[in-house]
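*Asks:* Now for the letters of each chain:
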Amino acid sequence: MLFRLLHFVLVLAIVASAPLSIDAAAQGLDQAVSGVVADQQKILQDLTTRTDNLEKKIQEDGDDDASLVDIRLQLEEMSRGALNSALAFRPRLSEINARLDQLGAPPAAGQPPEPDIVTSERQALASEKAEINAVIAAAQNLSIRISGLIAKIANMRSELFRNLLTKRYVLSDALSPEVISDANDEFTGFYKAVSSWLAFAFRFKFQAVLAATLMALSLAAVLFVGGRRLFGRVFEADPSIEDPSYLSRLSVAFWSTLLPTLAVGAFLVSTVFFFNYYNVLRGDIGVFLNALVALIAVVFCVNRLANAALEPRLPNWRLIPVETGPARWLVRLTTAMAVVIGVNNFLSVVNDKMGSPLSLTIARSFVATIVVGIILILMGLLKPFKAADGSWRPWPAWLRYTAVAIGLFTIATALLGYIGLAIFVSLQVVVTGTILVTAYIGFLSARAISEEGGFANTSIGRWLSTNSSYEESALDQLGLVVSVAINLMIVLVFLPLILLMWGFQPGDIQAWGYKLATGLTIGSVTISVTGILTGIIVFIIGYFLTRWFQGWLDGSVMARGKVDTGVRNSIRLAVGYAGVALAALVGVSAAGIDLSNLALVAGALSLGIGFGLQNVVSNFVSGLILLAERPFKVGDWIVAGDISGTVKKISVRATEIETFQRQSVILPNSNLINNAVGNWTHRNKLGRIDIKVGVAYGSDVKQAHAVLLEIARGHPLVLKNPEPFVLFTNFGAAALEFEIRVFLADVMNGNIVQNDIRFAVLDEFADQHIEIPSAPRAVVETKKHEAWPIDDDKIEVDFAEHEQAKAEAVAETKRLARSGRRTRKPDPD
Amino acid sequence: MRNATEAVATPILQMWKSLVAAIAILAVGGPALAASATNKDAETRTLVVTEGGGKTELALAAGETAEFCPTGCFVTMPNGDLEALTGSETIEISGGVARIK
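The listed protein sequences correspond, in order, to chains A and B.
Per the numbering used here, the first sequence starts with residue 11, numbered consecutively.
Per the numbering used here, the second sequence starts with residue 62, numbered consecutively.
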């Protein structure tokens, strides 16, 4: 203890006596550092205050779900802020640690003392580090606190939802005569508020109101008229069509719901926006207006959908094959249900704002739920179909029972006093039902488009097939793509809508979206959708850039530069490989995948190469060498071992050769590199053909030679230079042997020339009386007669088969002659 | 000629695509997207990780590597230093001192 104290005093003395210059330097350092510390402390202080405020707000708004979600979003952002402010110290901390390492540990008791300057610097660094650690610890505590608050919000929200559904009200209180006077009071209050606002608006803001309404109207008109111009044929049912296809009925139903709803929605939203913009709204009027807008939108959308699916006026266009009378009733009932729910919702906002008694709220909700229940039961009991004998048939059992059950459930819960549950159910029936039906119609139309020939029959498909070069099959594939896109759109649009209806808040969906975008953690693997999408998009862009560059290089630069086709081909392919590889690498790193991980993959691959992929890799490398060295190109006549034919395709692993019998031979590239390859058409197509001719002993050899030379020279395909040559090769056993050697510009014509020359030789020798000897073969005639046939029937059958085969052969030749096959020049063998 | 080059290029591209897909799958499965800590000392070292409202102790045996903290956390190092991590760092412990790379 005493020793420590002594040590401390000593240190103090050293620090105090340290040279002034070092002090100054240390101070400068201190200031810079304390700048960061002070900044971050301030930020953390700010975050802490905001957290305190939010914590208070959680207590105050404990019964408001939307506000809780909003608070949670803010808290998550602040948690990120705390982490970021702690991260700001990372560079300074590593600097300090590095410097402390350099300074080394303080000398032990027995060792010689170190210079004062080192000791003082170490202490300064240590104290700074302690300061930074304290700030980071504060950030950590804040982050823990925020996490706790977020967990608390989650608990409160589930509690709220449970309360809403299970709270029971005493109906006898709510349904007393007092309610009527309460309602009267409230209506008076509401009327006063609205009329005073109207008076205010007309007196002081008349122009603004007019301008706002006109602007909203014109926006909606543009949307509606433009939409009608663009998609008019798509979403209007044409009464003159007798039997519209299922697909066109579906798309009319879908689009004629979606587009007008969007137009009306745009009108309503822009009205509210412009009213806000011009400060026309005052007090609670804005809230009332919002509620009214929601009411109108819901009623309009439900009505449009019912009309589109049931088409009371146009039986041909009806999606569900109900009779006209019931269709009309169904449209009325669904609209009525939407009106009841919408009005109830609107009144609840009014109640809320006017501070009306609870009994009024309960009475209103009670009436609304009972009405919805009755409408549901009525719809379920409706008999919409007509049987063949003219009697009315009900809905299918499951549908009927479900509707009646939900209706009865709503009425029963309302009667028992569970008003919250009843309202929740009836709201879900209307809104979720509408969304689900629209989405289902969309799904059905996507399915109809993806069917074979479905897309070609749509108006876009017809337009494409007349205005572009797309084939039927390409259109079918396009239809598949379109149907996938429609499905995706439905999921993206309607899933959030349904989630919204089921008590999830926009904040929830936003938070999920954020999570999905930045990375979804499963175990230790984090999958980031945006990252992967970015990677794919970057790769696609890189791929198309490469293709474009390839085409430009090949078509513009090299074609103009009159580069040899083989070189062009190689350069083009090499550029293609390099570009795609580059695009892939950039794409992979854009996807957020660490390229250093590829080293691991490469290690695994090299093991695989060592064992199994040896051949493939050797062929791959050989393919690259073929491209660089170019011993042959596409279209060349090559001979590799036993195979002789034209090169059709050079790929990375193998080369495709077509023999003259039209057999495709796939030859691994390593064979072509490791073994001798003959190329008849490497630099040019010049080639020599040899024709052997025998002349009988005793003929005029000089004359024969002259005749042969004459024939060779006379042929139009034979080159003058190198000159044709007739070689007297051998005094053969039976004949004097000659060989005509002629060069051809295109060795592919060899067979034609050989034929021509041989015919000419025969003719000429006959004229000049030169003999071509043929070695006679001895013919041995046996006198044995054939065995007597034993089985007459078998011989007869054989004879019939023989005759039939002959007849077929004749027919075949005739057919071939008729079909007029293109005469091709014979292949060189 | 153009068709011929395309005919040559297409299978190569297809091969590339499958290769890239394979590499991508392997790489995603790799440990790139969380912080990782390696203990190069001969004795067990302990990191205290604060993540999502709770503190956990991460004990690393000699030579062990562990992944943790995929979305940001605070870590108390063996020498008492406190650091914030974004979740993409690599920590190396040697001689009782941790270094962030």
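Hints should not be assumed to be uniformly reliable.
[Stated by the list, open to error] Below 25 Å or equal to it, Euclidean Cα-Cα: the simulated BS3-like pairs (lysine-lysine) are: (1) Lys-177/A <-> Lys-139/A; (2) Lys-162/B <-> Lys-177/A; (3) Lys-816/A <-> Lys-793/A; (4) Lys-702/A <-> Lys-659/A; (5) Lys-162/A <-> Lys-116/B; (6) Lys-177/A <-> Lys-52/A; (7) Lys-162/A <-> Lys-66/A; (8) Lys-116/B <-> Lys-396/A.
Note that these hints are calculated values from the structure, not bench results.
*Asks:* Against this structure, judge whether each hint is valid.
*Replies:* These are the hints, each one checked on the structure:
For the proposed pair Lys-177/A and Lys-139/A, the alpha carbon gap of about 56 Å is over 25 Å, so the pair is violated. Annotation: proposed proximity of Lys-162/B to Lys-177/A is violated, straight-line Cα distance about 56 Å (limit 25 Å). For a cut-off of 25 Å, the pair hint linking Lys-816/A to Lys-793/A is broken: about 30 Å separates their Cα positions. With a CA separation close to 36 Å, the supplied pair Lys-702/A and Lys-659/A exceeds the 25 Å bound.
In summary, the hint linking Lys-162/A to Lys-116/B is supported, as the alpha carbons are separated by about 18 Å, within the 25 Å threshold. Only pairs whose Cα atoms come within 25 Å are accepted, and Lys-177/A paired with Lys-52/A is rejected, the gap being roughly 46 Å. Between the alpha carbons of Lys-162/A and Lys-66/A the distance comes to roughly 13 Å, so the proposed pair stays at or under 25 Å and holds. The suggested pairing of Lys-116/B with Lys-396/A is violated, with an alpha-carbon distance near 70 Å, which exceeds 25 Å.
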